[in-house]
Amino acid sequence: MFHHKSYNYSFLVFLMMLKLFIPSASFSHRCFNTVKSRKTEIVQRQRYPILKSMATQYTINDDVCPPIDEAELRKIVQKHCECLQRFTKNKPIAQHTSAAFDQILPHIDTTKKIILDSGCGTGRSTLLLGERYPSHTIIGVDRSFVRLNRNCISKKGDADSDSNENNQRPFQAVSSNVLLVRAELSDFWRCCLDAKLEVDQHYILYPNPYPKKNRIKKRFYAHPSFPIILNLGGSKIVVRSNWEGYLKEFAKSVEYADELYVSQEMENLALPYLQDAKVGPKERVDKTVAWTNFEKKYDDVGEKTYELILRKGDS
2 MFHHKSYNYS
12 FLVFLMMLKL
22 FIPSASFSHR
32 CFNTVKSRKT
42 EIVQRQRYPI
52 LKSMATQYTI
62 NDDVCPPIDE
72 AELRKIVQKH
82 CECLQRFTKN
92 KPIAQHTSAA
102 FDQILPHIDT
112 TKKIILDSGC
122 GTGRSTLLLG
132 ERYPSHTIIG
142 VDRSFVRLNR
152 NCISKKGDAD
162 SDSNENNQRP
172 FQAVSSNVLL
182 VRAELSDFWR
192 CCLDAKLEVD
202 QHYILYPNPY
212 PKKNRIKKRF
222 YAHPSFPIIL
232 NLGGSKIVVR
242 SNWEGYLKEF
252 AKSVEYADEL
262 YVSQEMENLA
272 LPYLQDAKVG
282 PKERVDKTVA
292 WTNFEKKYDD
302 VGEKTYELIL
312 RKGDS
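Numbers in the numbering used here are just positions in the sequence shown, counted from 1, shifted up by 1.
Rather than coming from a laboratory, the hints here were simulated on the basis of the structure. Here the structure is a predicted model, which is why all the values come from computation and not from measurement. There could be a bad hint or two in this list.
Think about it this way: if two alpha-carbon atoms lie no more than 30 Å apart in a straight line, the pair counts; the simulated DSSO-like pairs of lysine-lysine are [said to hold, decoys possible]:
id, residue 1, residue 2
1, 92, 76
2, 249, 214
3, 313, 249
4, 298, 253
5, 313, 237
6, 114, 214
7, 219, 76
8, 90, 298
9, 253, 219
Please model the complete structure; the sequences and the hints are all you need to start from.
As C-alpha cells, then:
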C-alpha cells in the first residue's frame with residue numbers, strides 16, 4: 002500500500018512537470034504566432050517611421066475622460082472662491098516653503114518685473130523664459146528636488162560635495178535672472194501675496210491633469226487655491242496642456258468665479274481675465290521650440306497641444 006501511494010504521488014508530480022516544460026500544441030502555436038506578429042510589427046515600425054509615431058498616444062480627450070458636469074464644477078469653484086479665507090486659515094503654509102521663500106526673497110530684484118513659472122519641473126521652461134525676457138526676474142517653482150536638479154546648469158557642475166550640497170538648497174540661481182526654488186505651489190503663491198510681490202506674468206505649463214473624476218479637486222481650477230491664482234494677477238496667465246478639455250474647464254472656472262464674485266458683491270478677482278476666458282483655449286501652432294520636456298514628447302509624436310492665454314483686460 003505504501004509503495005502504491007508513493008507511485009501515485011510520483012506520477013502526479015511527473016505529469017505536473019511535463020505540463021510545465023512541454024506546453025500543449027495549441028499553446029505552442031499561440032506563442033509562435035505572438036512572437037511572429039511582434040517581430041513583424043517591429044520590422045514594420047522600423048521600415049515605416051509613421052507607424053513608430055503612432056505607437057504611443059499621450060493625449061487625453063473627452064472620450065477617454067468625459068468633462069465634468071457643469072453644475073458640479075460651478076459648485077466646486079464657487080465654494081472655493083467663497084471660502085478662501087477659511088482655507089488659508091485652516092491650512093498653514095508649509096514650513097519648508099516658508100523657509101525657502103525667506104531665503105530666496107533677498108535674491109529677487111523687485112525693480113524688475115517678475116515672471117512666475119509654476120510647476121517648472123526641470124526648469125527648462127524657466128531658462129527659456131529667462132532668455133526671452135532678460136529684463137525680468139524669472140522664478141521657477143517645483144515641489145521636487147529631483148526634477149529641479151536635472152536642469153542643464155546643475156548637470157554642468159562637478160559632482161563634488163560642494164555641488165551636491167548646493168543642489169539640496171531650497172533654491173538655485175541658475176543665471177543672472179533665473180531662480181529655481183523647491184516649494185509647494187499654493188503655499189509659495191500665498192507667500193508672494195503676503196510679501197506683496199507683483200507678478201507680471203504667470204505660466205502654468207502642462208500641470209498634472211488628474212484625469213480621474215474622483216481627483217478633480219486636485220486640478221488647479223477646482224482646487225481651493227484657484228482664487229489665489231487669480232489674485233496673483235499679472236498681465237497674463239498662460240496655461241498649456243495636451244488635454245483641451247482641461248483648459249476649457251479652466252476657462253469655465255474663471256466664468257464661474259466671476260458669477261460668484263458678482264452675486265456676493267465681493268472683490269472680483271476673475272473680472273480682468275473674463276474676456277479671454279470666454280474665448281477659451283486654442284491649439285498651439287508654433288512648435289519651433291518645445292518649452293518643457295512634456296511638450297517635446299508630445300511634439301515628437303505629432304500630438305496636439307493647447308494653450309489658454311488669459312490676458313488682463315480693463316476691470
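Going down the list of hints, with the structure as the test:
1. 92 to 76: OK: residue 92 and residue 76 at ~21 Å, within 30 Å.
2. 249 to 214: With a Cα-Cα distance of about 16 Å, the restraint between residue 249 and residue 214 holds, given a limit of 30 Å.
3. 313 to 249: Satisfied, since the Cα-Cα distance of roughly 18 Å is no more than 30 Å.
4. 298 to 253: Satisfied, since the Cα-Cα distance of roughly 28 Å is no more than 30 Å.
5. 313 to 237: Holds - the C-alpha atoms of residue 237 and residue 313 are around 6 Å apart, at most 30 Å.
6. 114 to 214: Violated. Residue 114 to residue 214 sits at ~38 Å, over the 30 Å cutoff.
7. 219 to 76: holds, 15 Å
8. 90 to 298: At roughly 40 Å apart (the allowed maximum being 30 Å), residue 298 and residue 90 break the hint.
9. 253 to 219: Status holds; Cα separation ~16 Å.
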